[in-house]
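Peer 1: If you read the sequences in order, they're chains P and B. Add 3 to the 1-based position in the first sequence for the working numbering, that's all there is to it. Add 3 to the 1-based position in the second sequence for the working numbering, that's all there is to it.
Calculated directly from the structure, the hints in this document are not laboratory data. Warning: the hint list may mix true and false statements.
[Claimed, not checked] Pairs of lysine to aspartate or glutamate, EDC-like flavour, derived with a Cα cap of 16 Å:
#1 LYS223/P x GLU145/P
#2 LYS279/B x ASP227/P
#3 LYS231/P x ASP282/B
#4 LYS338/P x GLU177/P
#5 LYS223/P x GLU237/P
#6 LYS113/P x ASP130/P
#7 LYS125/P x GLU145/P
#8 LYS231/B x ASP282/P
#9 LYS133/P x GLU94/P
#10 LYS152/P x GLU237/P
#11 LYS334/P x ASP282/P
#12 LYS279/P x ASP282/B
Protein chains: 2
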Amino acid sequence: MKPIPFFISVARIFAIGALLAVGARAHAQTDPLPSWNDGPSKQAIVEFVQATTTQGNPKFVPPEARIATFDQDGTLWVSHPMYSQVMYCLERVPAVVKEKPELKNVEPFKTVLSGNREAMAKLPMKDLEKILAATLTGMSVETFNAEVKKWFETAKDPRWKRPYTELTYLPMQEVLKYLRTNGYKTYIVTGGGQDFVRVYSEQTYGIPPEQVVGTAGGTKYGYDKSGKPFLTKEPRLLLNDNNAGKPEGIHLMIGRRPYAAFGNSTGDRQMLEYTKAGDGARLAMLVLHDDAKREYAYGPAQGLPETKVGAFPQALYDLAKNQGWAVISMKNDWKRIFAFEQ
Amino acid sequence: MKPIPFFISVARIFAIGALLAVGARAHAQTDPLPSWNDGPSKQAIVEFVQATTTQGNPKFVPPEARIATFDQDGTLWVSHPMYSQVMYCLERVPAVVKEKPELKNVEPFKTVLSGNREAMAKLPMKDLEKILAATLTGMSVETFNAEVKKWFETAKDPRWKRPYTELTYLPMQEVLKYLRTNGYKTYIVTGGGQDFVRVYSEQTYGIPPEQVVGTAGGTKYGYDKSGKPFLTKEPRLLLNDNNAGKPEGIHLMIGRRPYAAFGNSTGDRQMLEYTKAGDGARLAMLVLHDDAKREYAYGPAQGLPETKVGAFPQALYDLAKNQGWAVISMKNDWKRIFAFEQ
């Protein structure tokens, strides 16, 4: 009867093994995208990740090449009716004028100080650029970072009465984490200011500053009175990270073509084209703002002018269908939009 | 006597624990820098890594902030008497002239085609720039990458008769690995071409393309006849990654101040200053080429003009001593210089 204990122990090991296997399978089946409704969008993401990360799959992508890029405004967080960075610049104007009182009666600063939102909305691009230059350049990198950080601590979105950094889309946060868990390096590729977004990207999205590509100006190296070196932000544009500037920025800052790219407007078209033009499996997706109740509706046929930044005109919708880019319907694909929702 | 087995098992657990502890200590004591001689340089590196990665140490640096930057030419590999990228550009001239025969009798192409090294060495900077523009721009990013890759497969250093990528310094490869093992992200910050270095950085140094910061030109997004998008390299300078351009490039591409920086010439001065100006523990080191026998000697008092790129004049040596930057003597600090040496 000596062999019996041996068989028993083997049986026990098998039983434990089976239990572990069940546990592993249960773990693998945990939904990585719980805020997404089942449907073609969710399926496209899951199929892409499974195909590109499964050894032996013809679409397998080696870990070092796994790059995914995300537009920010309207793709990762709310950008309607006004980008938070524009809000920042407008709200910084009083402080700028306090330091330079000679600007008080000079346009466009005068209009911004008046608080007349209707007049502010009508300011031409040239005037907006003056405001951006005055509020985003001329100071040291450290001073700028501290000012932006401080602003985010108190600034609130007027509709939800919450800090802007709480207005990120939970389903997209899940995509970021799902991709990272599967070895993808996630990047923000934004038309917004690179330095601006870098201040909160790590805390807000788990994306470190070095993985933020954005519209970037030059800096100038110099020394303070004590001889300590510092960098001053200059009004010299190095990269306009919109439209064709997105693939150009990706090449400059990353040097590899992404395997997945997410956007929501015409400014993302070239990034998606460039991503899709690579070999093997490539995922290109556009977030369609069609949920007037839970967020906003400004997609095709919402009557927005085609030239408006952040717009999603019918032509883009048609292009997406033609190019095989998936269109994410906020209304139908997202079970939950914000983490603070019940 | 019942308690005895209990004490015995406790004693056994302690004994096993002690063995494990010894094992761990033996592992910790494995020399991470075996090609370095004991001395102040090696000690500075080890002390920096231990201080910044030990929880509870006042100099502890959180993993996400661990950034280390390395100049390439003369710091990570041989760059004397000629940078390999300059060799690449000169050796590409015949192919460029074959495509554009009208350049055959035009300077500086005529001189380069003549093969007269003495005349080539005398070409003014303006002419060199023409050669760089003709060989580094005008083609698609993919074509350029393929050409550089192909060149490195056959090009050899004239002294060692080996591919340039074998002429990396083993002690510096050990530093790169040692830092990475301890959670540091290692970056190349080179005056050389960003796109050029990115072609071989991963294979040669374990540094992915997105962690190479270098002198960078713009690209232009466009479409080929079939409608496929591609990027063309343009002769439009975005970043001259030398001198003050190094901290400016670090801010643009990384957005964080490094905790450690390594260089070998006046072109690295500002990067080291900027690194050292940060709070807490910061390591700044310069490689001094003082080994005429095993490599080259062109450090202080080697008679090189102060303005020569890659030079290490006496003034830099004095500055290093004054600023607390460690100077690495190739002759005294490095037991072995190349991996191919016995």
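Peer 1: Against each hint, give a clear statement of whether it holds in the structure.
Peer 2: Consistency of the hints with the structure:
no. : hint                : result
1   : LYS223/P x GLU145/P : 13 Å, holds
2   : LYS279/B x ASP227/P : 15 Å, holds
3   : LYS231/P x ASP282/B : 12 Å, holds
4   : LYS338/P x GLU177/P : 12 Å, holds
5   : LYS223/P x GLU237/P : 7 Å, holds
6   : LYS113/P x ASP130/P : 11 Å, holds
7   : LYS125/P x GLU145/P : 33 Å, violated
8   : LYS231/B x ASP282/P : 12 Å, holds
9   : LYS133/P x GLU94/P  : 14 Å, holds
10  : LYS152/P x GLU237/P : 20 Å, violated
11  : LYS334/P x ASP282/P : 32 Å, violated
12  : LYS279/P x ASP282/B : 44 Å, violated
The structure is inconsistent with the numbered hints 7, 10, 11 and 12, although it conforms to all the rest.
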